[in-house]
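Note that the protein sequences, when read in sequence, are chains Y and F.
The first sequence lines up with residues 1 to 179 when you count with the numbering used here.
The second sequence lines up with residues 1 to 461 when you count with the numbering used here.
Everything labelled a hint here was simulated from the structure, so no lab data went into it.
Some hints could be false.
Chain F is faced by these chain Y residues, among others (derived, beta-carbon under 10 Å) [what the hints assert, rightly or not]: (1) His41; (2) Ala113; (3) Val145.
Think about it this way: if two alpha-carbon atoms lie no more than 35 Å apart in a straight line, the pair counts; the simulated DSBU-like pairs of lysine-lysine are [said to hold, decoys possible]: (4) F/Lys104 with Y/Lys16; (5) Y/Lys50 with F/Lys285; (6) Y/Lys16 with F/Lys285; (7) F/Lys199 with Y/Lys32; (8) Y/Lys5 with F/Lys194; (9) F/Lys194 with Y/Lys50; (10) F/Lys19 with Y/Lys32; (11) F/Lys285 with Y/Lys32; (12) F/Lys213 with Y/Lys32; (13) Y/Lys175 with F/Lys446; (14) F/Lys19 with Y/Lys166; (15) Y/Lys50 with F/Lys446; (16) Y/Lys175 with Y/Lys16; (17) Y/Lys16 with F/Lys70; (18) F/Lys213 with Y/Lys50; (19) F/Lys16 with Y/Lys175; (20) F/Lys362 with Y/Lys16; (21) Y/Lys50 with F/Lys104; (22) F/Lys16 with Y/Lys50; (23) Y/Lys175 with F/Lys199.
Remember, predicted model here, so these are calculated numbers, not experimental data.
For each residue, glycine too, the CB sits at the ideal point set by N, CA and C.
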Amino acid sequence: MADSKVLHVMYDDDMKLLDAARELVAQGIHIKDVYSPFPVHGIDPVIGIKRTRLAIVSFMFAMTGTSLALLGMWYFMISDWPMNIGGKPSFSLIENIPAFVPVTFEFSVLCGAHGMAITYLLRNGTLPGMPATNPDPRTTDDMFVIEILDTENDMTADELEAAASKTSPFEMSTKQYVA
Amino acid sequence: MQQEAAIREPLILGNKTYKDITDDVVGPIVGPAPRGWKILITISSLVALYGIGCILYLIGTGIGVWGLNKTVGWAWDITNFVWWVGIGHAGTLISAVLLLFRQKWRMAINRSAEAMTIFAVIMAAVFPGIHMGRIWVGYWVFPLPNQFGSLWVNFNSPLLWDVFAISTYFSVSLVFWYIGLIPDFATIRDRMTKPLARKIYGILSFGWSGRAKQWSRFEEVSLVLAGIATPLVFSVHSIVSMDFATAVIPGWHTTIFPPYFVSGAVFSGFAMVQTLLLVMRKAMKLEDYIHVRHVEYMNIVIIVTGSIVGVAYLTELFISWYSGVEYESYAFINRFSGPYALSYWTMMTCNVISPQLFWFKKIRRSLVATFALSIVVNIGMWFERYVIIVTSLHRDYNPSSWGEFNATSMDVGVFIGTLGIFLTLFLLFTRFFPVLALNELKSILKSSGDSQKALQNKESK
Numbered sequence: 001m002a003d004s005k006v007l008h009v010m011y012d013d014d015m016k017l018l019d020a021a022r023e024l025v026a027q028g029i030h031i032k033d034v035y036s037p038f039p040v041h042g043i044d045p046v047i048g049i050k051r052t053r054l055a056i057v058s059f060m061f062a063m064t065g066t067s068l069a070l071l072g073m074w075y076f077m078i079s080d081w082p083m084n085i086g087g088k089p090s091f092s093l094i095e096n097i098p099a100f101v102p103v104t105f106e107f108s109v110l111c112g113a114h115g116m117a118i119t120y121l122l123r124n125g126t127l128p129g130m131p132a133t134n135p136d137p138r139t140t141d142d143m144f145v146i147e148i149l150d151t152e153n154d155m156t157a158d159e160l161e162a163a164a165s166k167t168s169p170f171e172m173s174t175k176q177y178v179a
Numbered sequence: 001m002q003q004e005a006a007i008r009e010p011l012i013l014g015n016k017t018y019k020d021i022t023d024d025v026v027g028p029i030v031g032p033a034p035r036g037w038k039i040l041i042t043i044s045s046l047v048a049l050y051g052i053g054c055i056l057y058l059i060g061t062g063i064g065v066w067g068l069n070k071t072v073g074w075a076w077d078i079t080n081f082v083w084w085v086g087i088g089h090a091g092t093l094i095s096a097v098l099l100l101f102r103q104k105w106r107m108a109i110n111r112s113a114e115a116m117t118i119f120a121v122i123m124a125a126v127f128p129g130i131h132m133g134r135i136w137v138g139y140w141v142f143p144l145p146n147q148f149g150s151l152w153v154n155f156n157s158p159l160l161w162d163v164f165a166i167s168t169y170f171s172v173s174l175v176f177w178y179i180g181l182i183p184d185f186a187t188i189r190d191r192m193t194k195p196l197a198r199k200i201y202g203i204l205s206f207g208w209s210g211r212a213k214q215w216s217r218f219e220e221v222s223l224v225l226a227g228i229a230t231p232l233v234f235s236v237h238s239i240v241s242m243d244f245a246t247a248v249i250p251g252w253h254t255t256i257f258p259p260y261f262v263s264g265a266v267f268s269g270f271a272m273v274q275t276l277l278l279v280m281r282k283a284m285k286l287e288d289y290i291h292v293r294h295v296e297y298m299n300i301v302i303i304v305t306g307s308i309v310g311v312a313y314l315t316e317l318f319i320s321w322y323s324g325v326e327y328e329s330y331a332f333i334n335r336f337s338g339p340y341a342l343s344y345w346t347m348m349t350c351n352v353i354s355p356q357l358f359w360f361k362k363i364r365r366s367l368v369a370t371f372a373l374s375i376v377v378n379i380g381m382w383f384e385r386y387v388i389i390v391t392s393l394h395r396d397y398n399p400s401s402w403g404e405f406n407a408t409s410m411d412v413g414v415f416i417g418t419l420g421i422f423l424t425l426f427l428l429f430t431r432f433f434p435v436l437a438l439n440e441l442k443s444i445l446k447s448s449g450d451s452q453k454a455l456q457n458k459e460s461k
């Protein structure tokens, strides 16, 4: 997409951005992305962002943790070296399970939280040393930007600019798109 | 957009705009270090160095340099451990439990409270570590294959549960804290003009760009982490309490311990948050973000948890008599009239009576009174752990092995030292980190800022 152009439309308020996004989408314009200093509630369905599945990921990691913890404790305490502690021998997992609940819980939380956090960082592309890709430094302060690509739309860059300028933006710029 | 009742007190004062919030939080980081900060960090790092010296002396000589003996094998060390872990609880409670309850006032205080949590848990972990005596074999607490048989650690023991609880708690709190910090580091990165600072904050911000999808994931991750951190907070101090409750020592062997310890932890944690934040808001000019309303909310939490603690003390006393177990009742008679009676009555005054003063609205909303009482509560909660641990141990079943514990200069030195290390870490945090969750604050500006309230009041007239 060497010849594609990117249009950045900047607003100074989250509500203005939300209204503008609705208006542009109603005209059949595809919005590539939105940059904002804080989550703009309600923007996801407008620009077609699906709900993230990270919660499911967390659950799967947590269940892995549960299984690993139980398997480990069965091996250490029941199978490999069963100890007789205070006349309560460790010969069966099921009879010893009450004592294993705390560690099972902690280990499940450990795996669930860290598994999800690592997945989150990888999926977001946010890792130490990654370059920032926000189009303007003000988008982490008080500005809100809509990003539109001309190759993803039926209109030309000029037509897109004309449509966007009707949404009373704070600033607008068209650049060569660098992926 | 979410609307809030106009009569509800605003959370952000001073007619702020989004840009003002960024300026107020990032300003102190960009600007030169204030004089007061330099003085404070000098004092606290000197204290920290003294503490590190004491710890090194202790490791080199052995834990005999503490006042421990055959009868009282646990004293200040475990007291300090429980005290520090307890302080840590407020941070996660604010960021996790209050997030689940959608409490907007948490946003002004959660960042610094979480930092406090992390530093407090580090301080807590020091004590069991050095109490091992031979800290270089500290890795033996983990179930690692070894050449002794293989011998495994005992998963039936609450002490081992603690290893898992504390390490999970520490690492999950750290991740929770850092995930919230990433967007704020990005804000600092984009404001920095010096290339080196820009580079450092660029690395710290992990290349955060604030895309809509990133924010959508951010909110989900925060919610899920809050959901799993909430039972984690309660489990951690419950497990700490089981270190005592599963023992047969009179005064320890009670089922009331887990809820009693958890509310005590939240109680002391909020007191520490008040102590730190009342100074920080003044020094960093954050009065518009952390104001009387926030302090009042925290004081309400202190009344609730303080009253639970008070009820627990009285319940313990009653049950020790009602149970008819003579060892149990002696343990409690000995607590309030024995050699450690002074500690017991300090604990009772500081923890049961002083928080009740917050029922008066004037006191609850007075910053000076809050600051004074928060220190009283911190002292009281330290004595609570001291009383529970030492009075129960020094006289148990066998009178011939009764003894007494007297603290040595090393007991004091190590404890004061951890206070110094903690303060040094916290001061470094206030200098280089965004002390408010600034981007989260922006998201409540419209619903809870005073400019919006003024607008609503105008419309309703």
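Results for each hint:
Because the smallest distance between the Cβ of Y/His41 and any Cβ of chain F comes to about 8 Å, under 10 Å, the interface hint for this residue holds. The criterion of a C-beta within 10 Å of any C-beta in chain F is met by Y/Ala113, whose closest approach is roughly 5 Å, and the hint holds. Using the Cβ-Cβ criterion of 10 Å, the hint placing Y/Val145 at the interface with chain F is satisfied: the shortest such distance is roughly 9 Å. Under the criterion of a C-alpha separation no larger than 35 Å, the hint pairing F/Lys104 with Y/Lys16 is consistent with the structure, at around 23 Å.
Only pairs whose Cα atoms come within 35 Å are accepted, and Y/Lys50 paired with F/Lys285 is rejected, the gap being roughly 41 Å. Pair hint Y/Lys16 plus F/Lys285 holds up; C-alpha atoms about 31 Å apart against a cutoff of 35 Å. At most 35 Å may separate the alpha-carbon atoms for a hinted pair to count; F/Lys199 and Y/Lys32 meet this at roughly 28 Å. With a CA separation close to 32 Å, the supplied pair Y/Lys5 and F/Lys194 stays within the 35 Å bound.
Note on F/Lys194 and Y/Lys50: the hinted pairing is violated, with a Cα-Cα distance of about 39 Å set against a maximum of 35 Å. Between F/Lys19 and Y/Lys32 the CA atoms are separated by roughly 26 Å; this keeps the pair inside 35 Å, and the hint holds. Distance check on the hinted pair: F/Lys285 and Y/Lys32 sit about 40 Å apart at the alpha-carbon level, beyond 35 Å; violated. Note on F/Lys213 and Y/Lys32: the hinted pairing holds, with a Cα-Cα distance of about 11 Å set against a maximum of 35 Å.
Using a Cα cut-off of 35 Å, the hinted pair Y/Lys175 and F/Lys446 holds, with the two alpha carbons roughly 33 Å apart. The straight-line distance between the Cα atoms of F/Lys19 and Y/Lys166 is roughly 25 Å, inside the 35 Å bound, and the hint therefore holds. The straight-line distance between the Cα atoms of Y/Lys50 and F/Lys446 is roughly 26 Å, inside the 35 Å bound, and the hint therefore holds. Among the hinted pairs, Y/Lys175 with Y/Lys16 is consistent with the structure: their alpha-carbon atoms are about 23 Å apart, no more than 35 Å.
The straight-line distance between the Cα atoms of Y/Lys16 and F/Lys70 is roughly 72 Å, outside the 35 Å bound, and the hint therefore fails. Between F/Lys213 and Y/Lys50 the alpha-carbon distance is near 9 Å, which keeps this suggested pair within the 35 Å criterion. Proposed proximity of F/Lys16 and Y/Lys175 is supported: the alpha carbons are some 33 Å apart, at most 35 Å. For the proposed pair F/Lys362 and Y/Lys16, the alpha carbon gap of about 42 Å is over 35 Å, so the pair is violated.
For the proposed pair Y/Lys50 and F/Lys104, the alpha carbon gap of about 26 Å is at most 35 Å, so the pair holds. With a C-alpha separation of about 33 Å, the suggested pairing of F/Lys16 with Y/Lys50 holds against the 35 Å cut-off. Restraint check for Y/Lys175 and F/Lys199: the C-alpha separation of about 25 Å stays at or below 35 Å, so the hint holds.
Consistency with the previously given hints fails for numbers 5, 9, 11, 17 and 20, ordered from lowest to highest.
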